[in-house]
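As they're listed, the protein sequences go chains U and A.
With the numbering used here, the residue at position 71 of the first sequence is 71, and numbering never jumps.
To get the numbering used here, take the position in the second sequence, counting from 1, and add 313.
In case anyone wonders, no lab produced these hints; they're calculated from the structure.
Fair warning: there could be bad hints in the mix.
As the list claims (entries may be wrong) - Sample of chain U residues facing chain A (criterion: CB under 8 Å; computed from the structure): (1) 28; (2) 32; (3) 64; (4) 209; (5) 216; (6) 237; (7) 240.
Built from N, CA and C at the ideal position, the CB exists for glycine as well.
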Amino acid sequence: MVVFLIRRLLAGILLVILVASATYIMLNYTGSDVARNIVGETATPEQALAKAAELGLNRPLGVRYFDWLGTTLSGDLGKSWFNNVPVSTTLLNGLPVTLSIIFGALLLSALVSVVLGSLAALRAGWFDKTVQASAVLADSIPGFLVALVLAMVVAVNLGWLPATGFVPFQRSAVEWLRSITLPSIALAFGATAATTQQLRGSMLDVLKLDYVRTLRSRGLSDGRIVFKHVLRNAAPPAVTVLSLQFIGLVGGAVIVEKVFGLRGIGSIATSAAVQGDAPVVLGVVIVMVLIVVVVNLIADLAYGWLNPKVRAE
Amino acid sequence: MIAAVEAPEESHNGSEVPLLSIEDVTVQYPSKKWRSPDFLALKGVSLDIRAGETVGLVGESGSGKTTLGRAVLGLAPVTTGRIRYDGQVISAMNRKQRRTLSDEIQVVFQDPYTSLNPALTVLDILTEPLLTAGTGRAQAEQRVKDLLEQVHLPRDASNRLPREFSGGQRQRIAIARALCRDPRLIVCDEPVSALDLSNQSRVLDLFIEIQERTGVSYLFVTHDLSVVRYISHRVAVMYKGEIIETGDAAKVTTQPKEAYTQKLLLAAPVPDPARQASRRAARQKFSAKLHVAGPFESPAS
């Protein structure tokens with residue numbers, strides 16, 4: 001178990017280094033003149049060259065890369081090229097926002113898909129068909145559209161929840177929850193659809209088995225059978241789907257943050273990428289890959305708990 | 314509660330009230346295709362099982378024998394007719410009422426690989442019915458120890474998962490689960506068909522041993538005539554949803570009256586090539602004479 005954890009963590013760290021390195025090299029070929037962006041349109045070419053030299057951009061790519069790799073591995077993510085704020089500070093400001101809506105969406109997907117997936121598996125007929133049709137629909141509607149409609153209808157027209165902005169949990173738990181509700185719902189749509197369908201399918205497989213038939217012959221209620229006996233055996237494929245969806249949630253957060261005017265990691269990353277602010281982009285990439293690695297590790301552990309057959313020795 | 318133990322030799326002399334009585338039961342499944350007729354899985358089946366008795370239910374695949382077992386367990390919808398257990402009509406019970414029967418009627422299924430929850434340890438599998446019924450944990454765990462002994466499994470089996478056991482051992486766990494609330498009737502749906510021959514006879518002996526000790530009745534569904542001959546007091550032969558012959562086990566399995574039963578008997582292979590060849594010839598002659606569709610149309614399940 002400990003060996004398994006260490007091996008997975010080492011593989012995860014390697015993945016972070018590889019993804020960050022690839023990002024570093026790709027950023028070099030975006031074609032935008034960073035130094036010119038920083039000094040502005042009115043500056044002379046000499047000033048732009050001086051700025052490039054200051055940032056070390058006149059050195060060969062290989063030298064810059066290993067220089068960057070060294071400082072990053074020592075734990076220093078550097079400073080923004082544009083406003084000189086340390087990258088770690090920017091990330092610490094944005095992370096609570098993004099993590100709140102991503103984990104909100106994850107929790108929402110898990111809960112809703114357990115309820116809908118179980119009911120659809122138990123009640124063949126119109127309910128099942130409705131759930132399946134809605135799942136296909138929810139999966140194919142673009143996330144930004146859902147976000148826009150939610151923001152317009154629930155927040156602007158009905159005024160039930162705030163349309164924009166984020167309230168930190170420390171300031172007010174209730175306001176925090178209100179501020180992340182709509183973004184989380186918008187983000188959860190696709191993941192919920194996929195997980196519900198997977199759970200419905202694996203649930204149907206388990207419900208056919210003789211041990212469930214044995215429980216039914218004893219007259220136990222559906223709820224008891226599902227929650228005490230079936231769910232744990234039907235969950236592993238759904239957990240896998242949900243952990244794969246998580247990567248999609250990270251991407252989806254970028255759009256949802258834009259729609260709801262949240263200053264999270266997603267909006268930080270997009271503006272930094274457009275400007276060519278390499279330290280910020282790299283910081284975002286490193287943190288996001290790390291989170292994905294950790295979430296997948298948790299999913300693997302959950303899988304082992306749910307299904308003793310795959311438990312890592 | 315009535316004492317469960319009754320001497321088996323007295324119980325099938327036909328004079329007393331049966332423990333289970335199936336009266337003219339029909340099970341009809343609505344057709345899945347549009348405008349095609351509904352499927353009649355059982356057509357007016359009647360059968361009695363007395364306390365301490367084993368009734369073997371034989372027939373080819375699709376003859377309705379499994380459906381009959383499920384109807385007794387409340388897993389198949391009884392369309393007409395009724396099933397009475399100990400005088401009480403159980404065929405129209407809802408799930409909640411059915412719960413009160415769970416210490417009376419139990420089940421052992423064919424496939425020991427799907428009949429045990431793979432996520433639970435043997436201890437959890439065996440204590441679950443007891444804890445659900447309100448037994449205390451310490452008492453339930455003591456009961457599991459006794460049960461494991463009764464089905465000849467090692468005591469340390471309780472902390473292991475089903476996957477750590479062989480098919481025969483898993484079937485013993487399933488039998489222990491069926492026994493844990495001292496039922497008076499166990500529906501056995503092909504309980505030895507998935508086991509190899511040496512395990513088959515050991516598990517069959519276990520069934521007989523348990524019956525001799527507890528006086529439990531069995532409705533023993535199987536397609537295997539030698540199994541049914543070995544374990545049953547009486548045998549009922551099913552064909553296309555009907556019981557076509559009932560009688561003493563030795564008689565039905567050696568000198569059947571009905572042509573179909575004779576054919577079923579001839580279909581069972583014997584471990585002697587010369588005799589098997591002559592039986593095959595007899596069976597073919599027989600099939601030519603007979604217009605009923607035989608047990609060779611579909612492979613045995």
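Hints that the structure is at odds with (numbers, increasing):
1, 2, 3, 6 and 7
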